[in-house]
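From first to last, the protein sequence lines are chains A and B.
For the record, in the first sequence the residue sitting at position 183 is 183 according to this note's numbering, with numbers rising by one throughout.
Position in the second sequence (first residue = 1) + 429 = this note's numbering.
Just so you know, these hints were derived from the structure itself, not from any lab.
Positions of the beta carbon are idealized from the N, C-alpha and C atoms, including for glycine.
Please note that the accuracy of each hint is not assured.
As the list claims (entries may be wrong) - What the simulated footprint calls covered on chain B by chain A, stretch by stretch (three residues with Cβ under 8 Å from a Cβ of chain A suffice, anywhere in the stretch; the number is not a length):
hint, segment
1, 455-467
2, 624-631
3, 636-645
4, 671-680
Unchecked claim - Part of the chain B face toward chain A, derived, beta carbon under 8 Å:
hint, residue
5, Glu440
6, Ala539
7, Glu563
8, Arg597
9, Leu600
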Amino acid sequence: MKISSQPEKVLFQNGEILDPVKKTIKPGGVLVIDGKIADTGRIETPDDAKVFDCKNLVITHGFCDLHVHFREPGREDKETLQTGSRAAMAGGFTRVCAMPNTNPPLDSPEAVSFIQEKSGSCPVHIHPIGAVSKGQKGKELTEMGLMKDMGAVAFSDDGLPIQDGSVMRRALEYATMLDVPIINHAEDECLRADGVMNESVVSNHLGLPGNPAVAESTMVHRDLELSELTGAKLHVPHVSTVDAIDYINGMKSKNSKVTAEVTPHHLYFNHEALSFFNTHLKVAPPIRSENDRQSLIAAVKDGTIDCIATDHAPHTIQDKETTFDLAAFGMIGLESCFGVVKKVLVDDASLDLISLISMMTVKPRNIMGFDSDLFKKGVAAELVVFDPNESWTFHRRNVYSRSINSPFYGKDLSGRVKCTISKGQWTHN
Amino acid sequence: MLQQKHLLGLEGYPQEDIQAIIDTAFNFREVLDRPIKKVPSLQGITIVNLFFENSTRTRISFELAQKRLSADTVNFSASSSSLKKGESFKDTVQNIEAMKIDAVVMRHPAPGAPRHLTEFIDAVVINAGDGTHEHPTQAILDMMTLYEKFGKIKGLKIGIIGDISHSRVALSNIYGLISMGAEVILCGPAHLIPPYITDLGVKINYNLDEVLEWADALNVLRVQNERMGVGLIPSTREYRALFGITEERLEKHAKEIVIMHPGPMNRGVEIDSAVADSDQAIILDQVLNGVASRMAILYLLLGGKYEDKDIK
Ligand SMILES: [Zn+2]
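Work out the full structure, taking the sequences as your base and the hints as a guide.
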């Protein structure tokens, strides 16, 4: 895959246009002139346009991921804004939100503007998420107002769950004034203790300390109650347990400000896959039971979960090639995301394709307040062209991240991104 | 010969291979009773004892087993501090393998470390305890000792007493005993028995007297000092009152129950001296059988040629 400037006039012709706003799929093409949408639908091919034949392919909005870790500043050996952008383009993503657990963390307006400046030249849109607390220590609130002015779109101490309920309450109250979501990695650190995988018969087998489901569900419950109390926007990241799903579902019926995401890996794997101490499956929150996995799929289908987010978390080889207790938490996920969720949700669980695409486009954009009607004339083109039916096997060579910590190598996926169009750039072979 | 190249744990380990190890161990046990306690079975074989954690007893038992089989042995003790400094496990073990060795006996604080080791080296790997995961050679010597005492394992009723959650001895014993057809009841503080453990085919009973009434033999686990008084075990006297194997408690039961302990013992906590030193305790037999069963494991894994004249 290469990324280069789009031709001045390019026509994505003879495809199926999937519009996740209107919830329609219609045959046609999309004409992009000077990086902007010029026309959609039945289009005569202009003589001077470069034509991308989309026969049997779907053209839709570029995917949007609310949860990536691009490691810059501080761990550029794992990922940078540039290398992360390549991974995003490979996966069909044109817009991502970068978590603030960098070194130093994004806990000041200066740090936020560093990301804004450095990501300007990247081929995808990168929105910094600011830290909720100074140093992500869970105590003092950051300058959220100034950080929002610099471009922070949400606030989170992701990776470091906010333990103190009063800090979480104050953060939510403060955020109501700014109208931005708070994203709390929901985990009670005392209940989690030194748990490294789901507490289960599998953790018994492996002799590994377990992280119980209640460590997540009780914290999700607390956060939901606080969001209702404060009226703030709460976004629950990477939900992994059936009980958390039930609580979110219950709260959504009375509070429209709650949203939730799920990762491809929590939808694809259950904890049996860890039976041989596979460190690539060591993530936080942990891969849970089959019952949890099935409840996540059901929650996607009934709308309890709003969007797919990868939690793309690059780590070095040495961070993962070690004993399970010492291995880092997290996996990369941008490149494999679409093939995984298309397989799990559409092929295996008969979710309709439009619903899946809206969970990767309109819905995440709406949560953050981004423009989501991307087929409007004049809008800067953010598109993806994919083959909905291609079966393929995920390989190392499909990875464009600087890190390679993926558990999906050798897995058969369904649905494959063919071209990503973003910020005047596009991908090609 | 055994079906698996390594001995990483007893989870899923073939029953007939456990039996083969125990049978061979009894042959070696006879060797240990001879005036000259040495056979040439593993001459020319080099074994590294790689201990990332202190365990004098296990290391000496393995070392003795290796010497009795005439193997060449090297001891390598990595201080846990160098591990914490981030010295790569992979670098350490690949360095050792580069020196052309045939087997590694490894003790490591991390569950799964021996399996991880097999990804980096070609030598045979024997797990001498991996954190809270498994300690298969301990379970085999425990089963050999039960075999010696009862003449069988199938149908035996075994109580495992103590902190199950943090015990590799318990987990390997559970796998081994269940596979060999014994019945197992776990007895200990409820929060130190992991949830879902009954999925492994064991039962739980928190009442030690009921377990004593039921069992043929008890495997009494060591109470780790570091769990004492940090909120996990309220106090020594509380533990002794609920789960201590005391003379008074045993006297209440009419039958003679067999007592095992993997050592080292906390006398006066999980077991009283009067019990530990009594005839019903077979703790010292366990130690001797430890050498014999480790000889059998090394011998069977390292392809020593079975020569009757050597060991019979
Ligand atoms: Zn997180």
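Structure-based check of all given hints:
1. 455-467: violated (count 0)
2. 624-631: Coverage by chain A holds for the segment 624-631 of chain B (5 residues, Cβ < 8 Å).
3. 636-645: Not satisfied, violated; 0 residues make the cut.
4. 671-680: violated (count 0)
5. Glu440: holds (6 Å)
6. Ala539: holds (4 Å)
7. Glu563: Check passed: Cβ of Glu563(B) comes within 7 Å of chain A, closer than 8 Å.
8. Arg597: holds (6 Å)
9. Leu600: Result: holds, 6 Å to nearest chain A Cβ.
The structure is inconsistent with the numbered hints 1, 3 and 4, although it conforms to all the rest.
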